[in-house]
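Novice: Residue numbers (this note's numbering), protein chains in the order written: chain A, 54 to 432; chain B, 54 to 432; chain C, 54 to 432; chain D, 54 to 432.
Be aware that a few hints might be false.
Identical chains share a label here; the pair holds if one copy fits it or two copies do between them.
What the hints assert, rightly or not - Below, in silico cross-link-like pairs of lysine to aspartate or glutamate (EDC-like), each with a Cα-Cα straight-line distance of 20 Å or less:
1. Lys196 - Asp362
2. Lys206 - Asp223
3. Lys57 - Glu112
4. Lys288 - Glu277
Hints were generated in silico from the structure; no laboratory data involved.
There are 4 protein chains.
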Amino acid sequence: MPKKLNIGMIGYGFMGRAHSNAYANVSHFFDLPYTPVLKAACARDAEKAQAFANQWGYESVETDWRKLIERSDIDAIDICTPNNLHKEIAIAAAEAGKMILCEKPLAMNAEEGAEMVAAVENAGVANTVWYNYRRVPAVTLAKQLIDEGRLGKIYHYRANFLQDWTIAEDIPQGGQGLWRLDAAAAGSGVTGDLLAHCIDTALWLNGSLDSITAMTETFVKEREHALTGKREPVKIDDACAFMGRFKNGSLALFESTRYARGHKALYTLEINGEHASIQWDLHDLHRLSWFDHRDESIVRGWRSIHVTDHDMPYMDKWWVPGLQIGYEHTFVHHVADFLANLGKGESTSPTFRDALETQHVCDSILKSAANGSWEKIPG
Amino acid sequence: MPKKLNIGMIGYGFMGRAHSNAYANVSHFFDLPYTPVLKAACARDAEKAQAFANQWGYESVETDWRKLIERSDIDAIDICTPNNLHKEIAIAAAEAGKMILCEKPLAMNAEEGAEMVAAVENAGVANTVWYNYRRVPAVTLAKQLIDEGRLGKIYHYRANFLQDWTIAEDIPQGGQGLWRLDAAAAGSGVTGDLLAHCIDTALWLNGSLDSITAMTETFVKEREHALTGKREPVKIDDACAFMGRFKNGSLALFESTRYARGHKALYTLEINGEHASIQWDLHDLHRLSWFDHRDESIVRGWRSIHVTDHDMPYMDKWWVPGLQIGYEHTFVHHVADFLANLGKGESTSPTFRDALETQHVCDSILKSAANGSWEKIPG
Amino acid sequence: MPKKLNIGMIGYGFMGRAHSNAYANVSHFFDLPYTPVLKAACARDAEKAQAFANQWGYESVETDWRKLIERSDIDAIDICTPNNLHKEIAIAAAEAGKMILCEKPLAMNAEEGAEMVAAVENAGVANTVWYNYRRVPAVTLAKQLIDEGRLGKIYHYRANFLQDWTIAEDIPQGGQGLWRLDAAAAGSGVTGDLLAHCIDTALWLNGSLDSITAMTETFVKEREHALTGKREPVKIDDACAFMGRFKNGSLALFESTRYARGHKALYTLEINGEHASIQWDLHDLHRLSWFDHRDESIVRGWRSIHVTDHDMPYMDKWWVPGLQIGYEHTFVHHVADFLANLGKGESTSPTFRDALETQHVCDSILKSAANGSWEKIPG
Amino acid sequence: MPKKLNIGMIGYGFMGRAHSNAYANVSHFFDLPYTPVLKAACARDAEKAQAFANQWGYESVETDWRKLIERSDIDAIDICTPNNLHKEIAIAAAEAGKMILCEKPLAMNAEEGAEMVAAVENAGVANTVWYNYRRVPAVTLAKQLIDEGRLGKIYHYRANFLQDWTIAEDIPQGGQGLWRLDAAAAGSGVTGDLLAHCIDTALWLNGSLDSITAMTETFVKEREHALTGKREPVKIDDACAFMGRFKNGSLALFESTRYARGHKALYTLEINGEHASIQWDLHDLHRLSWFDHRDESIVRGWRSIHVTDHDMPYMDKWWVPGLQIGYEHTFVHHVADFLANLGKGESTSPTFRDALETQHVCDSILKSAANGSWEKIPG
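Okay, chain A solo, but in the shape it has when bound:
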């Protein structure tokens, strides 16, 4: 029988739901050494916390995250707050000896991130950051194909994350569901919110970046601020692009924006190798496109792999071939890996340390965009 792992969840927004769903379902589909228990939900607003707990079956409620961390019946803390609270909570949780599952990006900047890495490593607690797209089966399959060396030398890595939800000028910065537009809460705009996803996947699939040069833009210069009720300068980046070089010699071209009309959450990536190329996009996440130049020439073409068969990553746990899974399953896979690794005493990537590298790239991007400079990625 699996052991119980008691979860303390901080936050109740979009990510709070996605993580709760993962904890609630993982044991129905995966055989694991631990079963998550939804022990406590924590939010400043007691009523909202209770409603969230009722909806998901959390056994108890807290309104002060410090109290939650102190509770001896909590094994793991899940951080789903705005970015500006990650550091303080994570360090306190680590010091209390709790495992930590932290939403991305790890921190407001690399300096904060480094403190958090030190905290979890000093405390020796299991830790992971919810860069969930690594665990889309099609992306995991891409990793497998790359690791087998099927692409040969890599020439190009391209990634975009395109949205269109902030084009309207009357959307305020901050407030319910909108903290991502408030620089004080989010740290940055699309760089930390969207590009960070693309960077995390890229570092995983293609190794470290060597150097980059970046460009950011804030198209809507002023928005009403939720706290003051006044129009104030927007301090986040609405769009961000960078070019650069990976340490393996391949070229990087990355872009994210919330002003690409027609795209809701279009994370796309393409990798061109000497022998083969890969494409994937989040709008049809259950497909991987694959081109192999070694195919016989008259039947050579991009293959659209419908990633649903039982020999595909994670897919033996779900339904039958031809039946697709969706977005939330990536979180289930993350929890499954976390619990399986816990049983083996292994860490689950991306760890805080892994996520710190992404944070360094984000910092370099913002610095480059401010200065028009090429920046060497630290570390």
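Please build the complex by placing chains B, C and D on the supplied structure of chain A, with the hints as guidance.
Specialist: Here is chains B, C and D on its own, set in the frame of chain A:
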């Protein structure tokens, strides 16, 4: 606070899992007057029943479905057995005053189906049949567009359900997970298994069929039978196609097969109306294709609607725009509708009576294929 | 130096242009034993004939096709008239010893077609019918893949030809550019116009049909007739579908219509074999979709072959990889094959005899649709 | 009756064929005030010149382009030589009062280009540069939609030109068909060959660029040189990317490479506006993707416009709806516009002056890539 609705599940296979998942999750996402409780799982093999109950959190186990039906703490019976047991269980459950959620197809044939309809209607119990594809949001959207009259007069309705999993000749008929190849358990082959889905959707979207002519084929003539261990004639249809006319004057062209190499579960439908046309397929179920001739000509084209926004059917309950859901969500929607309707004292389509019409079409198909005749659909 | 082959063209409509373009261009791209010379254009209306001749560079004009056939400086007659004139012209041309390139369908019916076959075979003149889609490079590639046995046993052959241009009820039957709606000129509706294309390709790719059952529909029952100016019953079929069996045991499912809103000229075909499957459609004619089950499972998927490389059929004659050709090139390829075969004393498929088989299928379709019967294909 | 316009063609390679085809066919499809006459073909190698002339029907041959320019029976000079000869020929032709149709890029660099602009403008001769992709009907349609203001404020312009034909290290630089790899003949690598196309279209669709920063890479550092037979450093850029800002405030992200395995000639562009977005790619050049946020939300999606109807740019001249044209038609359209404008005394874009702006951008790219700097585009 929602009332509890105690579920007794008969069967533990693929459909048993899909339904259990729906019961387990529906209350996390939908606000409903009833919350399903996984009360009892029933299967002949006690060990398998217990394992299934453990996996999904069923509170108890039965090995005799008659016992399950007798239990006063069970409100609703979910029938996930092979087709040849549907009738007996359903009639007994109805007589015991239980609600019934029955897997499709309703029965082995229309004669059985008619008895089942009589039983539930006489007993006055809530009943529904799990033709789940009606509740793919893209398909529900199609229904909405049709009901608003946007297509105008309908000329063509085309549907295919293409698989490729029985091409290998060494797959036995019957046995673990293979009862669909055994005519004694399944009644028919692709007609009841696959075409029945297409027919259910079609009757819902386009109204009743008037008459049809059909063709069936059994490509592999003999297979080892699981019960006898001997090669025996295969009595199911490997492939089935029919042409016909709907009562609204449109033409029908339907096909299903398990010998279409390259397709795992490719249910596709297309409807051509005077003004507009619709296409959908199960391999990318979160998209609907829409063509409207009334669009300005220079920007007229097939639209690929990514059905994830919050104004799409069911989608306000899930994630954010751009993030797709998958196969199992259709069952969650079915349960949600069933529970909501229960609160309002309304029935949930397709009811047993609705499903009987599909059964009549299936019977006519098999008769036509045997005789080379055009058949008028009864009723 | 290539010899000259003097062409006499009868007709100046859409097909007259497509064929003239082929004659005008073939020698720029192909090295051939013969060069076509646009010797004479023939049409009843002298002014239109002259305008057409000027546009395309025909050296002379005739207004009586009998005169054209009598001319000793004409080597080959190209028949681009409405279908009801094919037989008379072809027989006269054959008796005059002219080669004949005849638009499809061969004739109004198989009886006429048989007379035409007898005429050209008795006269021993080179003959071919312009079923041009055989010579789309992607379709020719499909033929090559099939002939190499790559698909294994064939289970299914599916073809559709979908248009939407006659939905408006105020389109007259007959008159300028509309003879295809007039049964007296066309013989049949979509059966001879569209399905005939699908059938020709199918017989080429998959061998002969054994038996079929068909359904036709005329959605708009009356239209103004161009000759009488009065509303008269429409005698052509607006839509036609048939099911059947090929002699190789595979199942046929074919459909054509001019009432499929959203499709202009969507000829699609799909062939499912034991090992591999093929899909093609005319709206993106430069691509072939190919699925091979023998591919390694984790990278198995439908391949989209962009048929532009120099090792693809005909493509070494055109541009460079990645650059697509279009519709009219199929006629260029047909002429190129005709001229190359002429140099070798070989016939060019489809010959009149080949096209007669398509005509037999069309006749069987119309008979079956009238009677609701299964029909054995003659021959 | 149209007047004759005598063409003198210099070069016989890929572009020589594409342009000759355009001259040969334009009058079959367009009604124009001038008809091109293939008067003379010029190449240093007399035998090749004669073979080319025979293939295309040029009336005469020259082996010295100066002689060709001196001929009084030549009205227009078509320059299809490697880039390093453009300037000298164009200036001589202008001084001789000939019209000039020059292959792209205009010159080796902007300095040369400026001399050429001065020459044609001083001489007052008609001039145009063969940036043919402006005249893909789908791209011309995009221009029309943009000019009508349908996109609103533009936020993003993205373009890629991806090929994969130089990955093999044993391809020499220079020699038959390979002068594009020799910096002495080509000036630059993908910047002038591929990006120049993307830039020309962008300047046309979205106005001038303000400033850029670029990155280039030469993946294969040494190749055998055709002239010396020795391995020598490769001086062209194998890949090039730049970011920047247009004067209208939108962001630019451009990339070209010959190392993107799986792409033969994949020129793609995407424009995101406040209200609507456009996508196009050369591999399926007859389609335009269009997203309009003003569409009703439940049927909103990317539209795939099959650009074949008669109300589409240029398409009334070709076949019937649904039937696609190909690559070479863009050159036919260019000639048609050139001849029509000639009749009206108007210039045909892109003129030499238009193309000089593209040259300035290319020069800035190469300078930026060398220095790691942001560059303001001159002019």
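Novice: Against each hint, give a clear statement of whether it holds in the structure.
Specialist: Structure-based check of each hint:
1. Lys196 - Asp362: Close inside one copy (17 Å), not across copies (30 Å); limit 20 Å.
2. Lys206 - Asp223: Cα proximity of Lys206 and Asp223: across copies only (16 Å, versus 47 Å in one copy).
3. Lys57 - Glu112: both (14 Å within a copy, 18 Å between copies)
4. Lys288 - Glu277: Classified as within: same-chain Cα gap 12 Å, cross-chain 53 Å, threshold 20 Å.
In summary, the structure agrees with every hint in the numbered list given earlier.
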